[in-house]
Structures are given as C-alpha cells and as structure tokens.
Amino acid sequence: MRPGPDRRTLITGLVATLPAALAAPRVLAQAPPRVVVVGGGFGGTTCARVLQRAGFGVTLVEPSATYTSCAFSNGVVEGTRSLAQQQFGYEGVARQGVVLARLSAVGVDATARSVRLSDGSSLGYDRLVLAPGIDLRFDALPGYDQAAAGVMPHAWKAGEQTLLLRRQLEAMEDGGTVVIVAPANPFRCPPGPYERASLIAAYLKANKPRSKIVILDAKDAFSKQKLFQNAWDDLYPGMIEWVGLSQGGKVVEVVPGEMTLVTEFGRTKATVANVIPPQRAGAIAAAAGTADRSGWCPIDPVTFESKLVPGIHLVGDAIIAGGMPKSAFAANAQAKACADAVAMLLRGQAPAPPKLINTCYSLVGPGYGISVAGVYRPANGLLTDVEGAGGTSPVDAPREQRAQEAIYADAWFRTITAEVFG
Amino acid sequence: MGRALINVPPKARKGQVIDIKALVSHPMETGYRTGPDGALVPRDIINRFLVTWNGQEIFSADLFPAIAANPYFAFTTIAQESGTITFRWFDDKGNAQVETAAIVVE
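Chains P and L, in that order, are what the protein sequence lines are.
Heads up, the first sequence is in the working numbering, so the first residue is 1 and it goes up one at a time.
Heads up, the second sequence is in the working numbering, so the first residue is 423 and it goes up one at a time.
Because the hints were derived from the structure by calculation, they are not lab data.
Wrong hints could be hidden among the right ones.
As a list, the in silico DMTMM-like pairs of lysine to aspartate or glutamate whose alpha-carbon atoms are at most 25 Å apart [stated by the list, open to error]:
(1) P/Lys-219 <-> L/Glu-451
(2) L/Lys-436 <-> L/Glu-528
(3) L/Lys-443 <-> P/Asp-396
(4) L/Lys-443 <-> P/Glu-387
Computed list of chain P residues with no C-beta within reach of chain L, every gap over 12 Å [to be verified]:
(5) Arg-34
(6) Val-106
(7) Leu-117
(8) Gly-150
(9) Thr-177
(10) Gly-244
(11) Leu-245
(12) Thr-260
(13) Arg-293
(14) Phe-413
(15) Ala-418
Simulated coverage check for chain L against chain P, where a stretch passes if three residues somewhere in it have a Cβ under 8 Å from a Cβ of chain P [unchecked claim]:
(16) 426 to 436
(17) 443 to 449
Ideal placement from N, C-alpha and C gives every residue a C-beta, glycine not left out.
Let the sequences and hints guide you as you build the complete structure.
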C-alpha cells in the first residue's frame, strides 16, 4: 500500500528539521519506493534483482514456478539437451529478497499506479516494469490457431511445444521433409529459425540422412545469413533448402489436416511442419496500453519508459528496440540499464544515456558456433547501432574458431542463467 | 532477367473474380547508387509489366526507380474464357521476360 497523506506529511516534516545534507535527496528519507516487475524471464528477473540490490522493495509477478529458457532450446529439438537443462527456479531470486507473486498480471491502472493480479488483488507501485516477452499471434496466419499448433508446433515458447517438435522428428521416417516456416521481422530470436534448421539437420544427417529441410521464409535476408549458408554447404550439403520472399517463400495459409503449407505461389507438403507465426508483445503490454498498433511497445531509449503510458517501463522482446534484436542477451542488458534509470528517477535524478551490448551465438552443428555482436546507444528516439562496433564471426574462419565459438556459446548460457537465476 | 513466379487458378467459373499474382526477381537498380569504385551504378529496372488474356490486355503497369527489388504484383480480374494468360516484363536493356499460364473457364 502507498503511504497515506498523513504519514507522508509527517515524514516530510521530520526531514525538514534535519540538516540539509542529510535531508537530500528528500525521497530517500521516506518509505522506500516500491517497484513491481511483471514477467520472470531474462529481462524481468534481471531488472527485479538489480533494483532490489539498489535498495528498493521489489515484487516480481510471475505465475510459473520455473522459467523455461528459449535460448539454447534448439538443442532440445536436436536431441542433445533435455528440457530440464532449460529450466530454472526462482529460489535464488527469493533468497536475495525479491518478493515473488506467483500470479499473472491482468491489468494496470496507470493513474492509481496499481497492477491487477489474476486472484483479484492489486499491487501498488511507484514505478512498474513490464517484461512480458512475446505472445504468438494465432490470428495472423490463416489456418494457424492454437489447435493447429498441436499438429504443426511453433516451439517458439520453450516447453511442451519444444518436446512435441522433438517427438515428431523422432517419429519421422528417413526421407521425410521438415518444413520450417519463418516469419517476417520483427520476431523473437532473429537467428533462431536458422539455428534450428542447422541442428535438425545435424540430427537428420546422423539418423535419417535421406531427409530434407525446407525453410519457407517471409523475408529476403536473415541474421548471419552467409555464415549459416556456408556452414550448411559445408556440413549438410543438399539437405537444407531456403526459400526467401522473392522466391515465393511467404506462407499465406496452413492446412494442418493435409500437412500443407500454402505460399503465395504454390503448396508444400511436410512430414513435420514447424510453423513460427508472427508475434507481438505479451498480453499485459496491450492491456496496460503500452503496445502500439504494431503490437510492440515504443519506449524512451534512455529510461525504457513507455512512450504511451508514463510510470511504466518495458524491457526485452516486447519493446521496439530499434537496431537491437529480441534476444536473452539484449533483454538482460536492457534490464540493467532500465533498473539504473528507474533507480535514478525514484531518487529524483536524471538517468544518463546507456550504451548496450548484444551478442547472439548460434550453434550450427556439434562443435560449430557462429556469433553476431552489436553495440547500441540512444539516438533519434531509438536504440541505434554504433557504427563500426560489433560484427559477425569471420566468413572464412578456420574450424578451430568455430569450435571455440561453440564453447563460448555454452559458457555464455551458463553465465547468463547463473547471473539471472542463480 | 531473373526467375518469375506466377499464381493463376487453373480453373474458374465464367464471371468469377479471380486473384492473379506475379513476382519477378530483379535488382531494380535505381541509377542513383554509387558502387565500391565511387562511380554511379547504371540504372537497370523493369519499366513495364503487361498481362494479356488470349491476347487482350487485362493489366499493365509502368515502373519507376522508386519500386523496390523483385517487383510483386497481385490483382483481380473477371474470368471470361478459357485460354492463356501471358505475363511480360520489359527492362531498360530492351529485354522481355515472358511467362504463360493456362486457365479453364467453365
């Protein structure tokens, strides 16, 4: 509960009697401001922990007892990782002193500064951080609804869907066709569909070598494209066919009953179909009024405060981040910058413009990793690439470097999950 | 010129409104860009797209440098008679690419 006016007046009055040096900044002398963070993924959990460490009372609203990481979940599809290796509890978060609310946030009253929860209760806040991740759009691709996802899994939120896709690949006969439908930008994990194609190819090459993979893509270029395509020629020659937008790759309808993908110019039959549909910010973002017509959330790149609703900050996959991709690494980096800005604002100070880093590792096969890195800063109201910083792995690197990058990728996953959930 | 993709329904009823789609791979070089040597890359675009049904024009368009690479047209027409729909793309070099599709109208 927020302090009532009487208590606030009383405290302010007390402060006024203290020496000026002790009295400033005034808000510190009051009850510590409360921050509510919604969403216990890489972004939300990081933000909650950093703010708690900075001395604020923080409640993390997350209905799940464990988090299932999408990052590295293509290894589950490949069959080299278990789902349990993707799962992390919140014990460390609670031990640190973050208050956990095992509920869903269903609405926000931005005027009264309170979050409505799924059990009917409310949480008051001085600043709210939403880190809702993505929702898959079951209204965007004709034929692709919740029921269709049971036949043609998206596996784009890790969990049962990931296991379903794995089971389908295991059940497939040698000589089958795996079709991956990749969406237009923006979407979660830009290199993800191509890493997935690579790791499925690794499984098929070893177990079902007469099988094929077709990627039907709604765009003409993708992340680390040259690195992926060179690796495919090298590791899986003739196995992966990529059909871009201008080659007729855009899927306009799916027919689960016939295992058929309908493109603008033809039809493709699949033995296993992995349909990654268009996405939008998680539902609470729209319920709070922070999503625009695109379905994503415009933010101030210095404070991560919503451009639509004051007092609400957003991080991670849900935001319109300019040049910054929707990745766990990015969400973690944004969450730290956001937490810093929220802390400054609550202390009555002006946040400084952050510099942010992102790195996305992708595994293309056993002991074969590639990466893309970028540095971003606020410019023209967006997070903008710092020119000349970052870059991708060299196209002509020796295999030892690919092996090194596979080790770095694994180390990155262990590091970030230890930092966020440990 | 590059690969062309067309989508014409194989069958239609007389008087039915049908969707037709056509996409051709082409860089649509504007003539305003400089290459690595600093010199202007010469303009090379498709400047006209013409569709005929049994020889009669049903759709045409003039294209200009503002049109993006791989021009994609989708339009509707009314099915009148069985026959051949012919798609022609004309480029700055004077070349034409031709694709045809058969349609049965019942």
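So, going through the hints one by one against the coordinates:
no. : hint                    : verdict
1   : P/Lys-219 <-> L/Glu-451 : holds (19 Å)
2   : L/Lys-436 <-> L/Glu-528 : holds (6 Å)
3   : L/Lys-443 <-> P/Asp-396 : violated (40 Å)
4   : L/Lys-443 <-> P/Glu-387 : violated (39 Å)
5   : Arg-34                  : holds (50 Å)
6   : Val-106                 : holds (41 Å)
7   : Leu-117                 : holds (47 Å)
8   : Gly-150                 : holds (30 Å)
9   : Thr-177                 : holds (20 Å)
10  : Gly-244                 : violated (9 Å)
11  : Leu-245                 : violated (8 Å)
12  : Thr-260                 : holds (15 Å)
13  : Arg-293                 : holds (23 Å)
14  : Phe-413                 : holds (38 Å)
15  : Ala-418                 : holds (45 Å)
16  : 426 to 436              : holds (count 3)
17  : 443 to 449              : holds (count 3)
Going down the numbered hints, you'll see the structure goes against 3, 4, 10 and 11, while the others check out.
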